[in-house]
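Please build the complex by placing chain B on the supplied structure of chain A, with the hints as guidance.
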Amino acid sequence: MKSAVLVFPGINRERDMARTLKLVSGNAPVMVWHTETELPAGTDLVVVPGGFSYGDYLRCGAIAARAPVMDAVRAFAAKGGLVLGVCNGFQILCESGLLPGVLVRNQNLKFICHDVFLRVENSKSPFTRGYNAGQVIRVPVAHGEGNYTADAETIKTLESEGRILFRYASPDGKIDPDWNRNGAINSIAGISNERGNVAGMMPHPENHVEAEMGVTDGRGLFAGLADQLGKAA
Amino acid sequence: MKARVTVTLKSGVLDPQGKAIEGALKSLGVSGVASVRQGKIFDIELDGADKAKAEAALKAAADKLLANTVIENYRIELF
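So the sequence lines, in the order shown, correspond to chains A and B. All residue numbers for the first sequence refer to the working numbering, where the first residue is 1 and numbers rise by one. All residue numbers for the second sequence refer to the working numbering, where the first residue is 234 and numbers rise by one.
With the rest of the complex left out, here is chain A (with noise of 0.2 Å):
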């Protein structure tokens, strides 16, 4: 697996999306700043990690979105390339246009930083195959602005499709309003793209790798796509 891992301005999970990158698939990324008009040459895996590009000025994720290095991930896309986008990422990717719909708002106005339960709701994606469709795991979130929303007919096609790849649910796997805490619609977590190589999430799964954080529902994700890559790549 070689991976690249974006670097915006006001970005503050690069460190943490390339520790868990390093530590699960054994190869560190390369950190690529948004100025480049290029990815590094064999990357097989784009990350946008979070944080708070440009300050969240304007809508989150808006300027990133604009940035040179962002055309050169449109590029990469259009080609198949797997591309992540957690949290600011995928705000970002939505704002590029890369992936339908927009992150608004929590629907409570309060910024959320605690751990959430995923249903995990599907495992033929790239991005869900280290996991079993309908299992739950936790990870933890922390934004303002994840209250996943889109037109009713996207929404429709994302469900049909089975493109909602994570969905917040109790700790038992229900969906339940009481557990869906930004307000997303239909309890949306994280997506894909119509391809199925372009995925992104409110959650950060990056943060639960490691025994020493008591819980490392995470790491499917990330051993999912080193397994997809090939560990030697």
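If you're looking for bench data, these hints aren't it; they were derived computationally from the structure. C-beta atoms are modelled at their ideal positions from N, C-alpha and C, and glycine is treated no differently. Please note that the accuracy of each hint is not assured.
Straight-line Cα separation of at most 20 Å, SDA-like style, residue types lysine to any residue; simulated pairs [said to hold, decoys possible]: (1) K243/B / L58/A; (2) K110/A / L247/B; (3) K110/A / G251/B; (4) K292/B / R66/A; (5) K273/B / G55/A; (6) K252/B / Q107/A; (7) K243/B / Q107/A; (8) K252/B / T149/A; (9) K110/A / G256/B; (10) K243/B / A152/A; (11) K273/B / E145/A; (12) K156/A / T302/B; (13) K252/B / G144/A; (14) K259/B / N108/A; (15) K243/B / D151/A; (16) K110/A / K292/B; (17) K252/B / V30/A; (18) K273/B / Y57/A; (19) K297/B / P68/A; (20) K297/B / R74/A; (21) K297/B / R66/A; (22) K156/A / G245/B.
For the chain A half of the interface with chain B, some residues (derived, Cβ under 7 Å), not all of them [to be verified]: (23) V102; (24) R105; (25) Q107; (26) K110; (27) I112.
Relative to chain A, chain B alone:
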């Protein structure tokens, strides 16, 4: 030339900030407020005096960056 681009949420899009402001106005005792929607205003100065060119530039600015047309509408005014 001066211009103003006003960006507003499309109707039907949840606006929790507008709702919070609406609640605050009610708790302040401001009467007659039925609902509040929050938006953004961009005051822009343009080079040149060609109105058509300015409008095209502002439309590009709004489509490419100022508004997220998934959830927002925009209005352009030239002064």
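### Message
Check the hint pairing K110/A with K292/B against an upper bound of 20 Å on the C-alpha distance.
### Response
With a Cα-Cα distance of about 33 Å, the restraint between K110/A and K292/B is violated, given a limit of 20 Å.
### Restraint check for K252/B with T149/A, where alpha carbons must lie at most 20 Å apart
The given pair, whose Cα atoms are some 17 Å apart, holds under the 20 Å limit.
### Query
Keeping to a limit of 20 Å between CA atoms, is the pair of K297/B and R66/A held or broken?
Holds: K297/B and R66/A sit about 9 Å apart, inside 20 Å.
### Message
What's the verdict on K259/B and N108/A, does the C-alpha distance respect the 20 Å limit or exceed it?
### Response
18 Å, holds
#### Entry: Agreement of hint R105/A with chain B interface, Cβ distance less than 7 Å
Hint holds; R105/A Cβ to chain B Cβ min 5 Å, cut 7 Å.
#### Entry: Interface hint for K110/A, Cβ within 7 Å of any Cβ on chain B
10 Å, violated
### Query
Within a Cα-Cα threshold of 20 Å, do K110/A and G256/B meet the stated pairing?
Since the Cα atoms of K110/A and G256/B sit roughly 16 Å apart, the hinted pair holds (cutoff 20 Å).
### Query
Given the proposed pairing of K156/A with T302/B, does the C-alpha separation stay at or below 20 Å?
19 Å, holds
### Task
Take the C-alpha atoms of K110/A and L247/B, compute the straight-line distance between them, and say whether it is at most 20 Å.
15 Å, holds
### Task
Verify the proposed pairing of K252/B with Q107/A, using a straight-line Cα cut of 20 Å.
10 Å, holds
### Task
Verify the proposed pairing of K156/A with G245/B, using a straight-line Cα cut of 20 Å.
Between K156/A and G245/B the Cα gap is close to 17 Å, so the pair holds against 20 Å.
### Task
Starting from K273/B, check that the Cα of Y57/A is at most 20 Å away, please.
12 Å, holds
Hint check: violations occur at hints 16, 17, 26 and 27; the rest are consistent with the structure.
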